[in-house]
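Protein chains in written order, with the numbering used here: chain A, 1 to 280; chain B, 1 to 294.
One or more hints might be untrue.
What the hints assert, rightly or not - Here are the simulated DMTMM-like pairs of lysine to aspartate or glutamate, each with C-alpha atoms no more than 25 Å apart in a straight line: (1) Lys48/B x Asp177/A; (2) Lys97/B x Asp191/B; (3) Lys8/B x Asp168/A; (4) Lys4/B x Asp177/A; (5) Lys9/A x Glu185/B; (6) Lys257/B x Asp177/A.
FYI, nobody ran anything at the bench for these hints, they're computed from the structure.
These are the residues of each chain, in order.
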Amino acid sequence: MVSPSTRDKLATFFTHFALIFLVLLIASPIIFALIASTQSTSTILNYPPQFLPGKAIVNNFTVAWTEYNLGRLMLNSTMIAIAVTVGKTIISIAAAMALVYFDFPFKSLIFIIILLTLLLPVPVRIVSLFDLVRQLGMADTFYAMIFPFFASATGTFLFRQHFQSIPDSLADAARVDGAGPLRFLTQVLVPMSMNTIGALAVIQFIYMWNQYLWPLIIMQSENKQVIQLGLKMLTGSGRAGVKPWGPAMAGSIIAMLPPLLIFLLLQEQFMKGFALKEEK
Amino acid sequence: MRSKYPGKILPLILLAPTLIVSVLFLYYPAGMSFRLSLFKTLFMGRKKIFNGIGNFVSLFTSPEYLGIVGKSFIFSFSVVVGGLVIGLGIALLANRKVRGARLYRTGLIWPYALSPAIAGTIWLFLFNPNTGMLTYIMEVMFGIKPDWLASGPLSMFMVIVAATWKNLGYNIIFFLAGLQNVPGEFLEAADVDGANIFQKFWHITLPLLSPTIFFLVVMNMIYSFFRTFALIDIMTQGGPAGATNIMIFNLYRDAFKYFKSGIAASQSLLLFVLVSILTLIQFKTSGRGVYYGG
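The following block holds chain A by itself, in its conformation from the complex:
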């Protein structure tokens, strides 16, 4: 017979053990990629594979960064993702403000029009979007990667919901103090929306950073391409057996750092402003 406290301790021990195992298991593809990013191509091509780090780390990262131009592509992706994240946040806050704090004709209709864009992800309109963006002369420019992504149903929806949860008395108090709508927006609403802004920034930055299909068809110049397509260049080059795996793994590591950093920094806001709050 085992005493309850011993059983609790055993259960706790088992939980820790299982969680550590799972954390490692989930990370294992990345750990293997990290190891391979330090090995020379000849080491990688030997079978059985080596599970210890090699000495080619500097070479692999240099090849990926300069020969495959990932440095430039990282810059492009960073600019695009930041521009879209900031733009989307601003215009969806503005839209939500109008929907919550003003009265005007066809308000619900306008909200539905914004919301129904959720039914139109890029693949649904890709053929004609491609033609349109080309006719507008935006093909192969950063505008093509930025403007079509500016409207955000998710953002408008989340901010609208958040604003509705803010007590009315605040808006009234601001009005008594003589604050107009724009001052109320910048001095009351925005500071009170930091969790939602943070959550949305994570979602939008990662969403934009990970775009692949649209830049694949709309961006032709290698110098203007985004980092995800750099991975296609890395895995698409070389013959089947002798792909540049070292640089490709180095490239994957490089490409995952910015979104990962944003995610880790804003994790609490993300959980509070997006996943946890909504479930109620």
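Given the structure of chain A, go ahead and fit chain B onto it with the hints provided.
Using the frame of chain A, we list chain B on its own:
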């Protein structure tokens, strides 16, 4: 009643950017695509002939396209079931009150930030028949050394594994959120009644989680149909012999490799019907407007 600011012009100015972008880059091209779906395109897209519902008839009578739809659903079903079962299992463990729970949580959900292209690149390497570490581990553990990329079913398995792994963080995040809504008192009451851990899971946790499960089924379906293009493009290009050619990949190929924009637009419309059904069900049942970030 919420008190409003007066003025009709300011709200329109505030809404204008969202509305202009929505109409110009979302509704207009979607409408043009739907129109194009009624046309047959010839000579690399230079000539268009009105074809009525002809494109849809030829899609639904083509064994090849029906096969593509079938493969898409097999892929999607596997990603949904695998992702939800594994995700729920992990979330149940991570939900236990142990020291460092937050740290574990971070360690379990961070792949959410990775892109399908990165997942594809790394798993392509791991599965590589000549050099892959996974190939070697499987050989040592099970004595098999398959050529993953040469076999249709194995390639399908490979992309399912990669796609499921990539979305695991997302599933765990929402399961953990859902588990916070399972009141501790219920479970304690069940303890008093002498329920075992499986009874508690089956009769209390699972029913209370059903909104989350439902939400995640829809989100994972949308993910597997729409967000896995990069993964397929990098890992298999739809091959071998079309074994992993799912709807979105076929649409891309018809539109931008074979320049059959009419029939490609028809396929877009089918995807639109699919995403509409999924999103509307999801909206009706939970009222959450969260697509992947569109």
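Structure-based check of all given hints:
1. Restraint check for Lys48/B and Asp177/A: not satisfied, since their Cα atoms lie roughly 63 Å apart, outside the 25 Å limit.
2. Restraint check for Lys97/B and Asp191/B: satisfied, since their Cα atoms lie roughly 17 Å apart, inside the 25 Å limit.
3. With a CA separation close to 20 Å, the supplied pair Lys8/B and Asp168/A stays within the 25 Å bound.
4. A hinted pair counts as satisfied when its Cα atoms are at most 25 Å apart, and Lys4/B with Asp177/A qualifies at roughly 16 Å.
5. Among the hinted pairs, Lys9/A with Glu185/B is consistent with the structure: their alpha-carbon atoms are about 22 Å apart, no more than 25 Å.
6. Between Lys257/B and Asp177/A the alpha-carbon distance is near 62 Å, which puts this suggested pair outside the 25 Å criterion.
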